[in-house]
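*Asks:* Each chain, letter by letter, is given below.
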Amino acid sequence: MQVVELKNVKKVYPGGIVAVDNADFTVKVGEVHALLGENGAGKTTLMKIMSGCLRPSSGTIYVDGKRVEFKTPADAIRHGIGMLHQQFTLIPTMTVLENIKLGLIGQRSKIDDLSEEIDRLFRILRLNVDLESPVDTLSAGEKQKVEILRIMLRKARILIFDEPTSTICGPDIDNFLQILRELSSNGYGVVFITHKIREATKVSDRITVMRKGKVVSTLKKEEIIDERMLLEMMLGEYFQPEFVKERPRENKLPLLTVMNLMVKNDQGVIKVNNASFEVYRGEILSLIGVEGNGQKELVEAITGLRKPVSGSITFYCNSSVKPGYIPEERFEMGVAQSLSVMKNAVLRDFECKEFMGRYGRLNFIRMEEFARRIVQLMSVKTPNLRIPVKYLSGGNIQKLIVGRELIRKSELLIAEQPTAGLDARSSYFVRKMLLDLASNGIGILLVSSDMDEVLEVSDRIAVIRDGKIVKIFNKDEAEPKKIGMYMLAAEVSQPSQ
Amino acid sequence: MVTELISGAIYSSITLLTPLLLVGLAELLVERSGILNLNVEGSMLMGAFTAFMVAYYTQDLGIATLSAALAGIIMCMLFSILTVSLSLDQMVTGLAMNILTIGVTSYLYRASFGWYVSPIPPHIKETIKPIEIPVLSEMPFIGDILFKHMPHTYLAVIFAFTAWWVLFKTDWGLRIRAIGEDPQVADYLGINVNSTRYILLLIEGAVVGIAGSLLSIAYYNMFLDNMTQGRGYIAIALVILARWNPLLLLAGSFLFSLIDAIQLRILALGLTFFPSQLSLMLPYLVTIIILLVAGRKAKGPAALAKPFKKTR
Amino acid sequence: MAIGIAFLLGALILTVAGADPVVAYYWLFYGAFSEASFSETLVRATPLLFISLGLAVTFTARVWNIGAEGQFYIGATFAAILGLHLKDVPHPFALIIILLASVAGGAAWAFLPAVLRAYYGINEIITTLMFNYIAIYTASYLLHNPFRDPASMFPETTTLPEQLWMPIVIPGTRLHAGILLAFISIPFLYFLLRKTAFGMKIEILGSSRRTAEYAGIDAVKLIIQSMLISGMFAGLAGGIEVLGIQHKMRLEISPSISPYGYTAIAVTLLGYLNPILVAATSIFLGGVINGSMTMHRMANVPVGMAGIFQALIIIFIMIGYYLEDKFASKLLERLKLW
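Protein chains in written order, with this note's numbering: chain A, 1 to 497; chain B, 1 to 312; chain C, 1 to 338.
Honestly, the hints are just simulated from the structure, not real lab data. Just so we're clear, the structure is a prediction, and the values are computed from it rather than from any experiment. Zero decoy hints are in this set.
To be clear about the criterion: a stretch of chain C counts as covered by chain B if any three or more of its residues have a C-beta under 8 Å from a C-beta of chain B, and this derived list gives those stretches:
| id | region |
| --- | --- |
| 1 | 127-133 |
| 2 | 140-152 |
| 3 | 260-269 |
Beta carbons are placed, not taken as given, at the ideal position from N, Cα and C, and that holds for glycine.
With the hints as constraints, model all of the structure from the sequences given.
*Replies:* Listed below in structure tokens is the structure:
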């Protein structure tokens, strides 16, 4: 198999939303082809069509010139097309071997015949784990490799990666990009879906830019002049956010002090191992680290969702408003799905004097006002305030949650991945708001794995690894390479200063 | 005398554990695929009822057992439609169906035999008798205890080992477990979540129906209102205790039935200072204790009782 | 609409059983809602009302209290036993003390399953159900031995002295003051669930425990509180039934064709957990129970019909929920995408 082509593909959802509008796309074996675009541009949808996860509303797929139709992902895999999604499709409690076996469902070959092949793939991918270990003990990078291995085992020749670098950081990203190049020279074709221009330009032979469901252009590596060109194609206009960072920096009153904190997770493993840091008023402190190094438990301890084993967490807030918290698990935690928009707007404050009357009675009028403010501020699309929140679209629910936490009058705000899932404009808006809040004296703890975002807004950057805060950078000394080093291991040799 | 007591107790426990084990194993498999079927209680009752009615009118115990299986299948199929296809809340559906079954069986029973309980309730003349396994049952002591049980008992034990082997050593088991952990992923990988669940529920229906039949045409020879007395729920608790492992379930049900057997003996002895109600309460108390002990850290299949909707 | 289907199915069953459905239904409704028998209907509805109101609280939190039956029994037993020992206490106080005792009894019975669920996540359906059996056996023991009425051949307590009987509200009927208490509870619970912070906390907990924790709600405390409330109501129902109707404690206090504790579950679900609807439904079901007795007497229809009706209704209501949900979400998907 050499070439896969998509021609005139269109995908329309009930209700009229056009996710993909007359797109053409080709990928050849032996190349790395990046599919670049903002969130919501249609990249994932297009590739889901190519990999059989979705049926197109119209358009055709050709493999080596022959027209094909995919009813299920298994069909596509049979034709050699496999996709790695943003969410893992591994079962964490099962072993690597069991997961691989599961990946072979629908295939004739037995697992024993493939042991040689598996060894070979382990080598290509530089994977070094025990087949019998449960998947949840693997690192994010290793899990990813197991997923890749699974698809390759099914004899897929075209591998589609959907935002693969969103869960890994630093040098791991470079390793990954290298693997992509190796794959292409080893006889595979790679589609690399991303919104990160830098990564796309680093590794691709061709780049296709999508915007609002349409393919804007497909360029060869040589044709790309600079990143600005791509950015314009992605966004439709030149859009360089200028952040004016004028803030009182002398204000050094601590808002939150964490000292020698030790926290265990549900399995009893120590995840936060003697962590200490402070958050000051008027500053944005970012916490960055590879997923699974204790950030989750740390935040849970600070927000009161988990009791630490030892250590102290001290707040120096004056008001009684709870610290703001934008949770990573937006839908599971951030909203009460069956409750109305209005009630969700006051989800964290409804017991405050503002919303309560006598005898514990709720003041619905004030609740409605507050909800309205959020809706207006963030342009949340909702027919009215009384419908259950679960009927809102994902993006709007996000906006509601983020908006709510931003305008509550809390002195401290903890934001986990605040711009994840938001489109470019909303992202910019949120970041601007974070900076505004900081200028007004609010202290913000930002937990993010988006290096660009972190570099943009932070005053200080704390790197967490193995449950410890290994280094805190000031804004001026922060550099992606250095940060990445601390995120992974200090044994990596220091670059020349 | 002592040996007789012990052997008697062990024999009874094996007898008593049969329906629990059958129901428990079937439910274990179903729960491994992520479905919590509280309706085992009702299906069991329906099985008991059907078996009795058919036995009464046809005098054929074999057909009665088969019809119990059929009744169980119908019940579980109804449950499947409501929970697998329509994705209704599993707990509430199971509960509602249980209430329904109690009402329906009591009603139909009275419809057939009259509205007031007569002094001599209708009963069948012959019940299922234990069989004697050739050769093995002639062994002294052990032969009496282990090898003279109803055929259902041996089937149950074989079922236990089979279930264990299937779950952990075969591809089928892998798929079932995958569905129970994350049906979305399983669906993506090409496993047909709904069909698998339907099949497991079908099997469960038959097994549970037969387990119910044991009550009315083997252990007793009649039908009583709400005959199962919560045994279905107890089986579910035992599954939790066994951490969803068939072999542990075998052990757990045995221990539980041992206590039950001892309780019955105490009852039979008619000791005046030991209130009969306390003995009768014992199984339920023990169940609570089981749940206390085992229920805390029990990590069942991650997707248990969560509704599954295909997202395509 | 679901009720309509249930009735149709019921008619089918009736015809199969050899009775004339029209006649049967006539007697059903006469027995339930005619002037003569309406008071009886209310009598039947009273315990249902109390229990299902309490259940509305836990069900909203998605805590499934199936133990109402047991809590009812314990409340009733406490009431009877205490009543026998309070012969010398002046009238109104004695009643109040007894009722408080039954409330406490019901709550106590709900306590252990509540704790198990709150702290350890142990399935409350099974634990409360087990406690039901334990309650019934406990009551049975107490009625057979220590507290048995020596003069009676049934296991029951001695009849309570008349001063401890609930005053009759409408002379000539059995309708007692308990119904007044019930009617007060309705707005109280409505207010609690819909208009207070506590009610909102319950709603949030019902939506998802994780969200509740995020919102700063102490889930453990709330689960226990809601179970206790529900237990209190069930216990109260038991006490009132003893003081108002039975005037003693017997094992048959909860009709076997339609045990109050379990029937109340149906009532609460039918009423969509809304206290007002729930109240209406309990009266309706009280009528069905009452009417089916008349139906039985006059039209030769089996007494078990009530049980069947309820169950059918629950299943159809749930199908109704599903359809409604699907329909509503399709509708809103269109709106969502503007």
